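Student: Assemble the whole structure, with the sequences as input and the hints as a guide.
Going by this note's numbering, the letters in the sequence shown line up with residues 190 to 512, in that order.
Hints are not guaranteed to be accurate.
[To be verified] Only pairs whose alpha carbons sit at most 25 Å apart, straight line, appear in this in silico BS3-like list of lysine-lysine:
(1) Lys354 with Lys449
(2) Lys449 with Lys383
(3) Lys283 with Lys273
(4) Lys383 with Lys354
(5) Lys283 with Lys266
[To be verified] Derived CB-CB ranges, DEER-like:
(6) Asp269 with Thr479: 19 to 25 Å
(7) Ala505 with Gly388: 35 to 41 Å
(8) Ile486 with Asp269: 25 to 31 Å
Note that these hints are calculated values from the structure, not bench results. None of these values were measured; they are calculated from a predicted model. Ideal placement from N, C-alpha and C gives every residue a C-beta, glycine not left out.
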Amino acid sequence: MKLGEHKFRFLVLIFLLSALSLFAGGRGEDQNRGNEVVFWHYSSGLQGEAMSHLVDQFNATIGQEKGIVVRPIYQGKASDVSTKLRATLQTNRKGDLPNLVQLDSTGMVDIRNSPLLVTIDEMVSRDTAYSLDELLSGPLLSVTYKGVLLGMPFNASTILLYYNKDAFREVGLDPQRGPQDLEELADYSGRLLKMRGDGKGVERYGFAGIPTTYELVSWIGQQNGLSYLTDQGNGHDGEATRVLFDSDGTMATFLDAWRKVYESGGVANLTSDVTQQFVAGRSAMMVASTSTLATLIEAIGGRFELGVGFLPRVNAEATGGVN
Numbered sequence: 190m191k192l193g194e195h196k197f198r199f200l201v202l203i204f205l206l207s208a209l210s211l212f213a214g215g216r217g218e219d220q221n222r223g224n225e226v227v228f229w230h231y232s233s234g235l236q237g238e239a240m241s242h243l244v245d246q247f248n249a250t251i252g253q254e255k256g257i258v259v260r261p262i263y264q265g266k267a268s269d270v271s272t273k274l275r276a277t278l279q280t281n282r283k284g285d286l287p288n289l290v291q292l293d294s295t296g297m298v299d300i301r302n303s304p305l306l307v308t309i310d311e312m313v314s315r316d317t318a319y320s321l322d323e324l325l326s327g328p329l330l331s332v333t334y335k336g337v338l339l340g341m342p343f344n345a346s347t348i349l350l351y352y353n354k355d356a357f358r359e360v361g362l363d364p365q366r367g368p369q370d371l372e373e374l375a376d377y378s379g380r381l382l383k384m385r386g387d388g389k390g391v392e393r394y395g396f397a398g399i400p401t402t403y404e405l406v407s408w409i410g411q412q413n414g415l416s417y418l419t420d421q422g423n424g425h426d427g428e429a430t431r432v433l434f435d436s437d438g439t440m441a442t443f444l445d446a447w448r449k450v451y452e453s454g455g456v457a458n459l460t461s462d463v464t465q466q467f468v469a470g471r472s473a474m475m476v477a478s479t480s481t482l483a484t485l486i487e488a489i490g491g492r493f494e495l496g497v498g499f500l501p502r503v504n505a506e507a508t509g510g511v512n
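Tutor: As C-alpha cells, then:
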C-alpha cells in the first residue's frame with residue numbers, strides 16, 4: 190500500500206466516523222452487534238452513491254482491519270432524520286439511537302444540549318495526534334455551540350446560481366457572466382422571460398424559486414460586512430431570544446431588492462419542482478447547493494449548456510461572505 194493511499198483512508202476514517210454527530214449508548218441494548226456502527230443518513234441519488242462508496246471503502250479496509258462494520262440506514266430527507274432523532278432523544282430510547290448521524294445545520298438545535306452526544310472536541314482531546322487546524326473555520330463554526338465543536342462538518346456546501354447558457358445567448362446576455370446582484374437578477378429575469386407562441390401562457394421563466402431560510406441566511410448575512418438573523422450569533426453563542434433583521438434594516442433592504450426581481454414578471458414562484466423546471470428548460474435560472482451540480486449535469490444530459498455562478502448579492506454594498 191502506498192503512503193498516499195494509507196493517508197487517504199485514514200482521512201476517510203476520520204471524516205466517516207466523526208461526521209457530524211456521535212451518540213454514546215446508541216444501540217446499547219443489543220449486545221449482539223459487536224463493533225457495528227449504526228449510521229443514519231439522508232444522502233440519496235448521486236450523493237447516496239457517494240456515501241455508499243465511502244462506507245464500503247471503510248468497511249473493506251480499516252473496518253476489516255479493526256473489526257468495525259458501519260451499517261448505513263437511509264432515513265429520508267434531512268428533516269426526516271432530525272424528526273426521528275428528536276423523538277428518540279425526547280423519549281430517552283437509548284437503545285434505538287444510532288451511533289452516528291448525519292444532520293443538516295438546523296438539526297444541531299436538537300442535539301446541542303443532549304448528555305448522550307459525544308462531541309468532536311471530546312474525541313479530539315483523546316487523540317493528541319489529530320489536529321483540526323487544516324479544516325476551514327467556516328464549516329467548523331457551523332457546528333459549534335458555545336465554543337464547543339459538536340460535530341464534524343461532512344458535506345458542507347454553499348449556495349450557487351445555476352443558469353442556462355443557451356437561453357442567455359438567445360436573449361443577448363453574456364453566457365460567461367451570471368447576474369452579480371439582485372438588481373441584475375431582476376433585469377435578467379425579465380429579459381429571459383419567454384411567452385408561448387400563441388401568447389397564452391409562459392414558455393420559460395427567467396428565474397424559478399422563492400426565498401427560503403436557506404437563501405435568506407446568505408442574503409441577510411452578507412449585508413453590512415456580516416449580519417445575523419438572530420441574537421447570540423444566530424444561536425451559536427447561546428439560545429437565541431430575538432430576531433435582528435427586523436430592526437437592523439437588513440430584511441427591509443433585501444425585500445426592497447427582491448420586490449424589483451418579482452416585478453420583472455420573469456419569476457416563477459415555486460416552492461417545489463424548481464430543479465425539474467430548470468432541467469426541462471421551463472426556467473433559465475435557479476439557486477441551489479453546490480451538491481446539486483452533479484445531479485444537474487446528469488439530468489440535463491447535454492440538452493443545454495449549464496452555467497454556474499456566485500449567488501447574486503443583495504446590492505453592491507453587500508460584500509460579506511456567509512454560508
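Student: All hints, please: hold or fail.
Tutor: Each hint tested on the structure:
With a C-alpha separation of about 23 Å, the suggested pair Lys354 and Lys449 falls inside the 25 Å cut-off, and the hint holds. A distance of roughly 18 Å separates the Cα atoms of Lys449 and Lys383; the hinted pair therefore holds under the 25 Å criterion. A threshold of 25 Å between alpha carbons decides the hint, and for Lys283 with Lys273 the separation of about 13 Å falls inside it, so the pair holds. As the CA atoms of Lys383 and Lys354 are separated by approximately 15 Å, the hinted pair is consistent with the 25 Å bound.
Distance restraint check for Lys283 and Lys266: the Cα-Cα separation of roughly 22 Å lies within the 25 Å cut-off, and the hinted pair is therefore satisfied. Between Asp269 and Thr479, the C-beta spacing of about 22 Å keeps the proposed range 19 to 25 Å intact. Between Ala505 and Gly388, the C-beta spacing of about 37 Å keeps the proposed range 35 to 41 Å intact. Here the CB-CB span from Ile486 to Asp269 is close to 26 Å, well matched to the stated 25 to 31 Å.
Figure legend: structure checked against the earlier numbered hints; every hint is met.
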